Amino acid sequence: MAKELKNTICQVTDLRMGFSPRNQFNEEGWSFSINAGDLIALIGPNGSGKTTLLRSLMGESTLLSGKVYVAQQSHSVQEWKTREIANIFSYLPQEQPFEPSQRVDGFVGLAYVSCNGVLGKITEEQAELLENQLRLFDLEKQREKTLGSLSTGERQRVFLARVMLQPSKIVLLDEPTNHLDPEALARFWNALSLFKGDKTVVVSTHDIPFAKKMSDGVLALRAGRLLFCGPTSDFFQRGLINDLFPSLAT
Amino acid sequence: MRTRRNYFFVLLLLSLVLLTPFLGAERLSLSDLNKFDSLSYRIFWELRFPRWLLTLGVGGMLAVLGATYQNLFRNPLSEPYVLGVSSAVTLGVVLGEFFFRQPTDSWGSLLCGMILALLLILFLTWFASSRWGSSSEKVILFGLGCNFVLSSILFLVLSFQFQSVGGGAMRWFFGFIPWVETQKAIVFLLGGVGFTIGIGIFSQALEALRLGDSVARTLGVSPQLTRNLFLLFTSVGVAVTVSVSGTIGFVGLVIPHLCRMIFKPSSFRILLPQAFLLGASFLVLCDGLSRALVPPFEFPVGVMTTLIGGPLFLVVLWRRN
Amino acid sequence: MSCFTVKTAFFRASLGFMALGLLAFADSGSARWVSTSPQVTELLFQLGQSQHLVGTSDQTFYPEAAKQLPKVGLLFNPNLEAIVAQNPTGIFWDESSYRPDLETKLVRLGFKSVRLNLSSVENLFASIKKINEVLGNRIDTPELLQSEIIWKKAGYKSVTFSFIALAWAEPPILFGKDTFLLNLLEELGGTSILPVHWSNSYPKVSAEWLISKNPDYLFFLKHDDASSLFFQNQCRKWWPKTPEKCVGIPAEKFARASLTPLLHLAGLKSEIERRK
Chain B
1 MAKELKNTIC QVTDLRMGFS PRNQFNEEGW SFSINAGDLI ALIGPNGSGK TTLLRSLMGE
61 STLLSGKVYV AQQSHSVQEW KTREIANIFS YLPQEQPFEP SQRVDGFVGL AYVSCNGVLG
121 KITEEQAELL ENQLRLFDLE KQREKTLGSL STGERQRVFL ARVMLQPSKI VLLDEPTNHL
181 DPEALARFWN ALSLFKGDKT VVVSTHDIPF AKKMSDGVLA LRAGRLLFCG PTSDFFQRGL
241 INDLFPSLAT
Chain P
1 MRTRRNYFFV LLLLSLVLLT PFLGAERLSL SDLNKFDSLS YRIFWELRFP RWLLTLGVGG
61 MLAVLGATYQ NLFRNPLSEP YVLGVSSAVT LGVVLGEFFF RQPTDSWGSL LCGMILALLL
121 ILFLTWFASS RWGSSSEKVI LFGLGCNFVL SSILFLVLSF QFQSVGGGAM RWFFGFIPWV
181 ETQKAIVFLL GGVGFTIGIG IFSQALEALR LGDSVARTLG VSPQLTRNLF LLFTSVGVAV
241 TVSVSGTIGF VGLVIPHLCR MIFKPSSFRI LLPQAFLLGA SFLVLCDGLS RALVPPFEFP
301 VGVMTTLIGG PLFLVVLWRR N
Chain U
1 MSCFTVKTAF FRASLGFMAL GLLAFADSGS ARWVSTSPQV TELLFQLGQS QHLVGTSDQT
61 FYPEAAKQLP KVGLLFNPNL EAIVAQNPTG IFWDESSYRP DLETKLVRLG FKSVRLNLSS
121 VENLFASIKK INEVLGNRID TPELLQSEII WKKAGYKSVT FSFIALAWAE PPILFGKDTF
181 LLNLLEELGG TSILPVHWSN SYPKVSAEWL ISKNPDYLFF LKHDDASSLF FQNQCRKWWP
241 KTPEKCVGIP AEKFARASLT PLLHLAGLKS EIERRK
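Quick note, the sequences are listed as chains B, P and U, same order. Take the first sequence: its position 98, counting from 1, is numbered 98 in the working numbering, and each next residue is one higher. Take the second sequence: its position 156, counting from 1, is numbered 156 in the working numbering, and each next residue is one higher. Take the third sequence: its position 276, counting from 1, is numbered 276 in the working numbering, and each next residue is one higher.
Worth flagging that the hints you see were computed from the coordinates, not collected in a lab. Incorrect hints may appear among the rest.
[To be verified] For the chain U half of the interface with chain P, some residues (derived, Cβ under 7 Å), not all of them:
1. Leu-47
2. Glu-170
3. Lys-204
4. Ser-206
5. Glu-208
6. Trp-209
7. Ser-212
8. Pro-215
9. Ala-226
[Stated by the list, open to error] The calculated lysine-lysine pairs, modelled on BS3-like cross-linking and capped at a C-alpha distance of 30 Å, are:
10. U:Lys-237 / U:Lys-213
11. P:Lys-35 / U:Lys-276
12. U:Lys-152 / U:Lys-253
13. U:Lys-71 / U:Lys-112
14. U:Lys-237 / U:Lys-269
15. U:Lys-237 / P:Lys-184
16. P:Lys-264 / B:Lys-141
17. U:Lys-276 / U:Lys-152
18. U:Lys-67 / U:Lys-130
19. U:Lys-245 / P:Lys-35
20. U:Lys-213 / P:Lys-184
21. B:Lys-81 / P:Lys-138
22. U:Lys-112 / P:Lys-35
23. U:Lys-253 / U:Lys-130
24. U:Lys-237 / P:Lys-35
25. P:Lys-35 / U:Lys-241
26. P:Lys-184 / U:Lys-222
27. U:Lys-153 / U:Lys-129
28. U:Lys-253 / U:Lys-177
29. U:Lys-241 / P:Lys-184
30. P:Lys-184 / U:Lys-245
31. P:Lys-35 / B:Lys-145
32. U:Lys-105 / U:Lys-152
33. P:Lys-264 / B:Lys-121
34. U:Lys-71 / U:Lys-222
[Claimed, not checked] Chain P stretches covered by chain U per the calculated footprint, using a threshold of three residues with CB under 8 Å from any CB of chain U:
35. 20-33
36. 38-44
37. 171-179
38. 293-304
Treat the numbers as computed from the prediction; the structure is a model and nothing was measured. Where a beta carbon is used, it is the ideal one built from N, C-alpha and C, also for glycine.
Starting from the given sequences, assemble the full structure and let the hints guide the process.
What follows is the structure, given as structure tokens:
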């Protein structure tokens, strides 16, 4: 039985991030790599830099120096054009701004702007995929409702539906499970696991049980340091979780 | 059932709008309307009709401009004059009259107004493209600051020169639909419709921008470029509209909200034509009332929009709750 | 001579000197007046009372000498401190510059306050009488005599016409009740098309009402060629067949309610007759 050779989709070298050159977040540069098709759990205490890392992986201004090579592109992600970013990434921030009067199906349909462009229309094929997505996230009955009329948990599902529908290679999710009830939480992780192999997903989360169960790899941050980057089994076997969250020790 | 109520409302509005040219200071004889050069003919076709067309255009534009700004700045309290473009036009006109003796309504005066407005717009666009203007909040705050500065200069000039600006200043502050030839009115109305269609075509860019700058980038929409282009075109639209009609308040701020409450559009692209039609109808009705309430006195249109619109808005808000 | 007689003589003499001194003091004390309106200033010059003027409002351009006077505030906004700084005997107001709050303060400070009404020709002559009383002098300048002659001349109401006087063209704002220009034109024989019961001094009306009323004349104040063109164009739009309806009245002659309009009345009358 041949072991599947995993490709590296993201190679990070000496990454330094922060909000301004004088305000660098991590003292030492971080270097790690992410395999294609993996589900990576990004964990760490609040303020450890999870959001900043996700944004830096996309090439935003928080990336101060270092190189992030994604999907065999020759230049580092901070030099990419918007079109190239749209082809590869989809992103869900921790606080997603939204227009309260927008309808659920309209919102989720925005995912296709990334490939159809601003002037494009949704094709029949894409419309069908949209239907499936709504069903997958249990939003069929709410498709005509406005975002403002939904509960926070329902809205979070809509946001997730959009970001997962986008035809991208890497999905970056910033604490997407914050508002979800246990049922929705389970469904979310199940939905994520469906994308394994197709998309690379980096999820920043506090949800340790599911992360342990579902993820392929772990990126652990603490106090401005990259504590660990590697397979999930490694991380939990070495008991590194206790370094991150000492009070979790049973 | 809701749709049926909407249809009824739209029909009522439409019929009122079509009746408005028959309102006014003078009673017209309907039989004379076709008699060329009779008094009724002249008043109806030369005075009221082009004014009706122009008012439709101005009302529609203001509502669309307001809706666009509200979307662009993610702020429901935005309205077309928030960035100070109207103050710039008014100040330009006042300075033109003060320094260059250009009476209001002459081409020179309009040119002064537009020049100052364009200077402000270029300044705003420069700021929005720079690294300081990297977010919607920063841009709107900068615009607010500019608005304060321009308004204070305007008031300063007026406190010294009030008597020489007199009736003209009234018009810029309270809004007034001028009397233009029918062709010009048609051009403006078509321009307004074209502008709305243009914004509608690119509305998905705005919707993407609405999701936040980072998410917009992942959708292929460059945030600063998109914001700048929309800012530029919308502000020019405001400058042109204010040059025509002065500052008419309320329409740009409240009509988009009324639209959302009554018609519940499913996206911004659908909101735009609704806002245009509702804004146009509303302003036409206000203008008709301002002519017909105490004839032959005429209220400035801006006074009427707030007088009627304010309570109307409160009623709709109350009934929704 | 007894000491008593000398003392009395001295006493009487010194009393006499004191009386003369008081008179001199009283005379120079009543000689300082402040005007808060350019038309009052011009009027005072024309009545030969300019030696009593120690201050005027901003925007005073007529006559030439009045430009040198110290300014006591903006046109419709007199400044209390500037007025007091001139140490006047009293202040002249007209109906456009009158400020009751300022008046109360000035009266409390011990200054006299005289309200003039220049809203019609009759009121103008009444105001001249009032100025006469206040300044305690006989006024008989050539301008005043000439004005009185022109005014008393019979036949002014011989030309009859209907009119409006336009203060602003778009939106149409008219000279209404209690404006000098309206009254002057009415005295010339004109009938304003404004309804009698309108008390607004500057009513804003609808263009279609103007068109249908179709007055014989539309008067406007001509400040310069540019603004004049503005009014002419509007008039041409309203009555394209009779553009000669539009009569521009030179502002430097007719904008202020002083003797100047009266002195040029003949010119205006002949212009109206010429167009009839």
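To test your reading of the hints: which numbers does this structure violate? 1, 8, 22, 31 and 32
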